[in-house]
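Keeping the supplied structure of chain E fixed, place chain U with the ligands upon it in accordance with the hints.
In order, the protein sequence lines correspond to chains E and U.
If you're matching positions, the first sequence starts at 77 in our numbering and goes up one per residue.
If you're matching positions, the second sequence starts at 77 in our numbering and goes up one per residue.
Bear in mind the hints are in silico, worked out from the structure with no lab data behind them.
None of the hints are false.
With a Cα cut of at most 25 angstroms, we get these calculated DSS-like pairs of lysine-lysine:
{"id": "1", "chain 1": "E", "residue 1": "122", "chain 2": "U", "residue 2": "290"}
{"id": "2", "chain 1": "E", "residue 1": "129", "chain 2": "U", "residue 2": "375"}
{"id": "3", "chain 1": "U", "residue 1": "211", "chain 2": "E", "residue 2": "81"}
{"id": "4", "chain 1": "U", "residue 1": "290", "chain 2": "E", "residue 2": "143"}
{"id": "5", "chain 1": "E", "residue 1": "143", "chain 2": "U", "residue 2": "143"}
{"id": "6", "chain 1": "U", "residue 1": "143", "chain 2": "E", "residue 2": "290"}
{"id": "7", "chain 1": "E", "residue 1": "129", "chain 2": "U", "residue 2": "122"}
{"id": "8", "chain 1": "U", "residue 1": "129", "chain 2": "U", "residue 2": "143"}
{"id": "9", "chain 1": "E", "residue 1": "81", "chain 2": "U", "residue 2": "338"}
{"id": "10", "chain 1": "U", "residue 1": "211", "chain 2": "U", "residue 2": "347"}
{"id": "11", "chain 1": "E", "residue 1": "338", "chain 2": "U", "residue 2": "81"}
{"id": "12", "chain 1": "E", "residue 1": "347", "chain 2": "U", "residue 2": "81"}
{"id": "13", "chain 1": "E", "residue 1": "338", "chain 2": "U", "residue 2": "122"}
{"id": "14", "chain 1": "E", "residue 1": "122", "chain 2": "U", "residue 2": "122"}
{"id": "15", "chain 1": "E", "residue 1": "338", "chain 2": "U", "residue 2": "129"}
{"id": "16", "chain 1": "U", "residue 1": "129", "chain 2": "E", "residue 2": "129"}
{"id": "17", "chain 1": "U", "residue 1": "122", "chain 2": "E", "residue 2": "290"}
{"id": "18", "chain 1": "U", "residue 1": "129", "chain 2": "E", "residue 2": "375"}
{"id": "19", "chain 1": "E", "residue 1": "122", "chain 2": "U", "residue 2": "338"}
{"id": "20", "chain 1": "U", "residue 1": "129", "chain 2": "E", "residue 2": "122"}
{"id": "21", "chain 1": "U", "residue 1": "143", "chain 2": "E", "residue 2": "122"}
There are 2 protein chains.
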Amino acid sequence: MTETKPETRARTFPYFEEQGSEDVVNARMGPEVSPRLREVMTAVVKHLHAAVKEIEPTHDEWMAAIKFLTETGHMCTDWRQEFILLSDTLGVSMLVDSINHRRPNGATENTILGPFYVPDAPRYPHGANICLDGKGEPSIVRGRVVDTEGRPIAGATIDVWQTNEDGFYDVQQKGVQPDFNLRGVFSSDADGRYWFRSVKPRHYPIPDDGPVGKMLGALGRHPNRAAHIHFIVTAPGFDPVITHIFTPDCPYLTEDAVFGVKESLIGDFRKVEDPEAIAESGIGEPFWRVGWDFTLARKAPGTVPDAPII
Amino acid sequence: MTETKPETRARTFPYFEEQGSEDVVNARMGPEVSPRLREVMTAVVKHLHAAVKEIEPTHDEWMAAIKFLTETGHMCTDWRQEFILLSDTLGVSMLVDSINHRRPNGATENTILGPFYVPDAPRYPHGANICLDGKGEPSIVRGRVVDTEGRPIAGATIDVWQTNEDGFYDVQQKGVQPDFNLRGVFSSDADGRYWFRSVKPRHYPIPDDGPVGKMLGALGRHPNRAAHIHFIVTAPGFDPVITHIFTPDCPYLTEDAVFGVKESLIGDFRKVEDPEAIAESGIGEPFWRVGWDFTLARKAPGTVPDAPII
Ligand SMILES: [Cu+2]
Ligand SMILES: [Fe+3]
Ligand SMILES: [Fe+3]
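The shape of chain E in the complex, shown without the other chains (with noise of 0.2 angstroms):
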């Protein structure tokens, strides 16, 4: 009587074992991969499967987490970009920015984009007025552009965005606010000096109405953006900033949603209600006068000189 038992496979890879599970999956990877490739999904594996071991979710809280990932894929389309506010809402995008523009001490900070960015805004002279439809607490800013040794950088090209006073940007009123309106790109003068006219920002809500803003909801959290104005400022040989300044009254200020707030951006806004002042002003009521230096740090050398940096 022949029975022939088939030789099992000569082990090639490890099994799966509970213990040890995130390198039986990194073990698989082909010896072809790019360095860089292998360096990322080894640490993906490795935080994701300690993340499951330290949770320990049934069969049900894993559904619920898969579910969770396909309704946010499925929120996302070209004008909506749930992933993106789900990473900013737990601290990556902030934390990917951080890890991004460690600056020499002095320089001022980075913090994100955001979505509300146009480019090609108007070009106004200085002291134009960006606000286009009047409405809006007044206010003027102005300061510098130096380097980290204090000397003016001339020819700095500030290109700023805000909300008007009912926390919203003009791409999200289109017919409502002017085209453009809060928006502005300014060039600084010999001295390293520009100033405009503007009007105080206001707090804003992420988009919430999506899985992002259930979790937020899950988790005691609000929606809600510091007030801030948006300034992205180069000038050729130094490091371009994407940064806000964050108004110091804002009741959102210490619990932005999206951790955008650095201590070292909170701007210095104050009310001017002195008639004499006022009238020096020309805007004929009071207003508020934010004053805001930009330092730059001098690029790295061998830097790629001006690309392109949104």
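Okay, now just chain U with the ligands, sitting in the frame of chain E:
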């Protein structure tokens, strides 16, 4: 001259800092968050931030991750679950399964259910052939269902399903294979015995035309599952077992794409070519003899009796 500086908000939460970023994020959870959600999210944020800090992704790499997750979400439909495939191929599904099925010594180990289970397959008497189209190398699968002391369990339900020799389940080839081809439900007899006829299963690829397939390609991995027969074995008062038995000679045995193979689940497949044995079997050609016992663990006291398992 009056210039009033507004009060900076009292600091209720810490500002974002690269160091300790995970604590800044977790500190935002409200007091009413369910203890389990708090535990889960604390671990998720901790390991997510640890991964980002280890990887130090560039902005482009972060954006590639956002894009990958978005595409994975967009691939999901009612009949395709790309995030489950992602979980499977990163070993997470097996890890969750292992965590939830730590068995007392000697009980048959679990492995993943997979997407091809169909409830309410035909009930057959012992010895029935579940291969309805006569294709493939015949097999006889035979064994016992016993408790951890080796005592027979009578009336256990053995639900079985597998691919045909082309590596497809019936539900993947509607109109090509007969409905319920290679599926059946059996009961163990008074001695705990069961047996049925079938064919040798073949390896098959998981769906690899989506982002997960692309990921596997970039990692130098193939999408193939090692050949297996699926079983769900249940008996009143015992923990159900969801498992496979694997053929020992499959070229993918040690590199199952979803890490489903456990050493204890490799079957005892013997080729029978002896004319007398062939005649006795009534099969009329050489066949595979598979011996397989299922050992069930008694339910822990207090467990819901016989709750639905799927
Ligand atoms: Cu970790
Ligand atoms: Fe903004
Ligand atoms: Fe299968």
